[in-house]
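Work out the full structure, taking the sequences as your base and the hints as a guide.
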Amino acid sequence: MTTLLSRPPEAISKSAAPAERPPRKPRGWIGTVATPVVVFVFSSMLTFGLGALSPSNPAAAVLGETATPADIARMNHEFGLDRPLPVQYLDWLFSALQGDLGRSYFTTIPVADSIFAALPVDLAIAGLAILLAVLIGGAAGIAAALRQGGRLDRAVTAVAAALGTLPPFVVGIGLIVVFSVLLKALPAGGYVALDQDPVQWLRFAILPSLALSLDIAASIARQLRTSLVGQLGENYVTGAVVRGLGARRVLFRHALRNAIGPALTVLGIGVPMVLGGAVVTEKIFNLPGLAQLALQASGQHDIPLIQGTLLVTVTVVLGCNTLVNLALLRLTPQGRR
Amino acid sequence: MSTLTAARPFTKLRLPSARVAVAVLAVVAFLAVAGGAVAPHDPLLQDPDLALRGPSLAHPFGTDYLGRDVFSRLLAGTGTTVLAALESVGVGLALGVLPGLASLWLGRAVEWVLLRAVDAVMTLPFIVFAIAVTGVLGNGLTQAMVAIGVLFAPLFFRVTRAAGLSLTRAQYVEAAELFGASRWRILRTHVWGKVVPTVAVTAAQATGGALLAVSSLTFLGIGVQPPAPTWGGILASDLGFLAQQPWAPVIPAAFIMVAVAALNALADAIRPGGAR
Numbered sequence: 001m002t003t004l005l006s007r008p009p010e011a012i013s014k015s016a017a018p019a020e021r022p023p024r025k026p027r028g029w030i031g032t033v034a035t036p037v038v039v040f041v042f043s044s045m046l047t048f049g050l051g052a053l054s055p056s057n058p059a060a061a062v063l064g065e066t067a068t069p070a071d072i073a074r075m076n077h078e079f080g081l082d083r084p085l086p087v088q089y090l091d092w093l094f095s096a097l098q099g100d101l102g103r104s105y106f107t108t109i110p111v112a113d114s115i116f117a118a119l120p121v122d123l124a125i126a127g128l129a130i131l132l133a134v135l136i137g138g139a140a141g142i143a144a145a146l147r148q149g150g151r152l153d154r155a156v157t158a159v160a161a162a163l164g165t166l167p168p169f170v171v172g173i174g175l176i177v178v179f180s181v182l183l184k185a186l187p188a189g190g191y192v193a194l195d196q197d198p199v200q201w202l203r204f205a206i207l208p209s210l211a212l213s214l215d216i217a218a219s220i221a222r223q224l225r226t227s228l229v230g231q232l233g234e235n236y237v238t239g240a241v242v243r244g245l246g247a248r249r250v251l252f253r254h255a256l257r258n259a260i261g262p263a264l265t266v267l268g269i270g271v272p273m274v275l276g277g278a279v280v281t282e283k284i285f286n287l288p289g290l291a292q293l294a295l296q297a298s299g300q301h302d303i304p305l306i307q308g309t310l311l312v313t314v315t316v317v318l319g320c321n322t323l324v325n326l327a328l329l330r331l332t333p334q335g336r337r
Numbered sequence: 001m002s003t004l005t006a007a008r009p010f011t012k013l014r015l016p017s018a019r020v021a022v023a024v025l026a027v028v029a030f031l032a033v034a035g036g037a038v039a040p041h042d043p044l045l046q047d048p049d050l051a052l053r054g055p056s057l058a059h060p061f062g063t064d065y066l067g068r069d070v071f072s073r074l075l076a077g078t079g080t081t082v083l084a085a086l087e088s089v090g091v092g093l094a095l096g097v098l099p100g101l102a103s104l105w106l107g108r109a110v111e112w113v114l115l116r117a118v119d120a121v122m123t124l125p126f127i128v129f130a131i132a133v134t135g136v137l138g139n140g141l142t143q144a145m146v147a148i149g150v151l152f153a154p155l156f157f158r159v160t161r162a163a164g165l166s167l168t169r170a171q172y173v174e175a176a177e178l179f180g181a182s183r184w185r186i187l188r189t190h191v192w193g194k195v196v197p198t199v200a201v202t203a204a205q206a207t208g209g210a211l212l213a214v215s216s217l218t219f220l221g222i223g224v225q226p227p228a229p230t231w232g233g234i235l236a237s238d239l240g241f242l243a244q245q246p247w248a249p250v251i252p253a254a255f256i257m258v259a260v261a262a263l264n265a266l267a268d269a270i271r272p273g274g275a276r
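Residue numbers (the numbering used here), protein chains in the order written: chain A, 1 to 337; chain B, 1 to 276.
Please note that a few of the clues may not be correct.
With a straight-line Cα cutoff of 25 Å, these simulated SDA-like cross-link-like pairs (lysine to any residue) come out [said to hold, decoys possible]:
#	chain 1	residue 1	chain 2	residue 2
1	B	K194	B	Y65
2	B	K194	B	F179
3	A	K184	B	Q245
4	A	K184	B	L242
5	A	K184	B	V250
6	A	K184	B	W247
7	A	K184	B	L52
8	B	K194	B	R169
9	A	K184	B	G240
10	A	K184	B	L86
11	B	K194	B	G54
12	A	K184	A	Q196
13	A	K184	B	L106
14	A	K184	B	Y65
15	B	K194	B	L86
16	A	K184	B	A243
17	A	K184	A	L128
18	B	K194	B	Q171
19	A	K184	B	P246
20	A	K184	B	L239
21	B	K194	B	Y172
22	B	K194	B	A181
23	A	K184	B	R53
24	A	K184	B	G54
What the hints contain is simulated information worked out from the structure, not anything from laboratory work.
Here it is in structure tokens:
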């Protein structure tokens, strides 16, 4: 029972509506690459449309109450706001594709610069979180499947179910209370860049990464356990054992390859969850990431900065989903057929 | 899905877990309506002499850094939190269910556009999108929850679509078409009743998710101006005083988690075809 926010919509619709149609066939190479492009165009329209919905005139907001209509017109012209919307959208999209996301209304700092100062923080934390999730969830799932019905299996299942119901901020605050306040072992917040001092980075990054990873680790453990238990009961596994192949070879070369699909899908959906959950985690651990930028931009109604953060987040999410789909195509026997 | 349980989806409400869930939700609903009135203290009353006290008879959950009664703040904050969650689920239902049915009955072009739009909306992370929307449309809880509701729409869309998909080829639907029944009549009399139980389950789950989203947003300071109390806001103010009161976040967190768990249990209880 995972909380809804941290759970892929597919998983919910699956559990809510009993299987009424066959599982979707894995897409071919072309579909895997072309679909995200179409989705990106839709997402970028949404992102741009959001800015166009804004009721406030940015020029008037920046220039203040003393601005004359001529000043406002001049600033509107400077930011290209006096052109028709479709022209603005296409211009914005093609500039964005070339790495130019416009300038902040307030600081006139290029949006891309602000974002690429903040993004490495999130990528480093999210990367570590995914790594932890794969290690913890993978090990727990395989161990539980190998000792199916045993004490370890029941322990993994119970812990995974409990972790699934915890909201991400509760995990984060709990980790701070235990490791920072009570044990005084790790800092409660702050950040050092990875390329400055990797050891210090790890001290600051480990708690937020752990907080972000546990939910996904729990999903991976559950999915992997279920599908691996199913695969281990198949005839081909018995056949491989009978042919005298080593237990390790049977597990990693045969059973795991077939069982890994659902866990990989969870991982692919986990990436946007990590980025979404990172907002709250960044706040708890006081990290200078993309979410802080979004919060600040939101407070100032800084439309280009808001659009930029949203577009970059969407792009990262789509990129990760595509990578996972490609990995699924490559790894699973069904995908290669 | 057996037709029998689909036709009577609420029989499992007599299960003990379902009864507890309904009781918890009844208390939450009561507090949402009357929380401010039954609170023992004024939730906004500051008393510097009482700041950061532990639990006592007068203040069962202690006091916060301004000496405000945490119990009263939690009760008074229930209404805002619950109303916001219901708002987002309502938006999600409105934007998801009918397009979900439309994607099945209005032809392939409509289907293609709707599916791509759903894929696009699904790439938006909940909290970041809500922050962006409040940045553009103004920092209000309604704006934030409409944003969350838009992101819930794909969920309802997919669930409705999945539940309706098998019905498009069901024999009695074909028979109704042959008799010349209009699309609208088929949807109303033959499809609607089969889709509603599934949508109800999803709505219960989504309300749990929405409660977490409201709590996350108010935790971040989105949507509500201090000193107005919300569950997430109380959690955020506790975070600054972990050194003095490391136990304090447990209380608002427990309120959130108990409500979410009750909604999940309710979803399991009303699920057609057995609680899984």
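Hint-by-hint comparison with the structure:
Pair hint K194/B plus Y65/B does not hold up; C-alpha atoms about 52 Å apart against a cutoff of 25 Å. Using a Cα cut-off of 25 Å, the hinted pair K194/B and F179/B holds, with the two alpha carbons roughly 21 Å apart. Under the criterion of a C-alpha separation no larger than 25 Å, the hint pairing K184/A with Q245/B is consistent with the structure, at around 15 Å. Among the hinted pairs, K184/A with L242/B is consistent with the structure: their alpha-carbon atoms are about 12 Å apart, no more than 25 Å.
Distance check on the hinted pair: K184/A and V250/B sit about 20 Å apart at the alpha-carbon level, within 25 Å; holds. Between K184/A and W247/B the alpha-carbon distance is near 16 Å, which keeps this suggested pair within the 25 Å criterion. In summary, the hint linking K184/A to L52/B is supported, as the alpha carbons are separated by about 22 Å, within the 25 Å threshold. Only pairs whose Cα atoms come within 25 Å are accepted, and K194/B paired with R169/B is accepted, the gap being roughly 14 Å.
A C-alpha spacing of about 16 Å is found between K184/A and G240/B, which places the hinted pair at or below 25 Å, so the restraint holds. Proposed proximity of K184/A and L86/B is contradicted: the alpha carbons are some 41 Å apart, above 25 Å. Our distance criterion of 25 Å between C-alpha atoms is broken by K194/B and G54/B, whose separation comes to about 52 Å. Distance check on the hinted pair: K184/A and Q196/A sit about 24 Å apart at the alpha-carbon level, within 25 Å; holds.
For a cut-off of 25 Å, the pair hint linking K184/A to L106/B is broken: about 61 Å separates their Cα positions. Among the hinted pairs, K184/A with Y65/B is consistent with the structure: their alpha-carbon atoms are about 23 Å apart, no more than 25 Å. Between K194/B and L86/B the alpha-carbon distance is near 23 Å, which keeps this suggested pair within the 25 Å criterion. The suggested pairing of K184/A with A243/B holds, with an alpha-carbon distance near 11 Å, which does not exceed 25 Å.
Among the hinted pairs, K184/A with L128/A is consistent with the structure: their alpha-carbon atoms are about 22 Å apart, no more than 25 Å. About 14 Å separates the Cα atoms of K194/B and Q171/B, which keeps this hinted pair within 25 Å; it holds. A hinted pair counts as satisfied when its Cα atoms are at most 25 Å apart, and K184/A with P246/B qualifies at roughly 13 Å. For the hint linking K184/A to L239/B, the alpha-carbon distance of about 16 Å falls within 25 Å, and the restraint holds.
At roughly 13 Å between alpha-carbon atoms, K194/B and Y172/B fall within 25 Å of each other, so this suggested pair holds. Simply put, K194/B and A181/B have alpha-carbon atoms about 18 Å apart, close enough for the 25 Å limit, and the pair holds. A C-alpha spacing of about 23 Å is found between K184/A and R53/B, which places the hinted pair at or below 25 Å, so the restraint holds. With a CA separation close to 22 Å, the supplied pair K184/A and G54/B stays within the 25 Å bound.
Going down the numbered hints, you'll see the structure goes against 1, 10, 11, 13, while the others check out.
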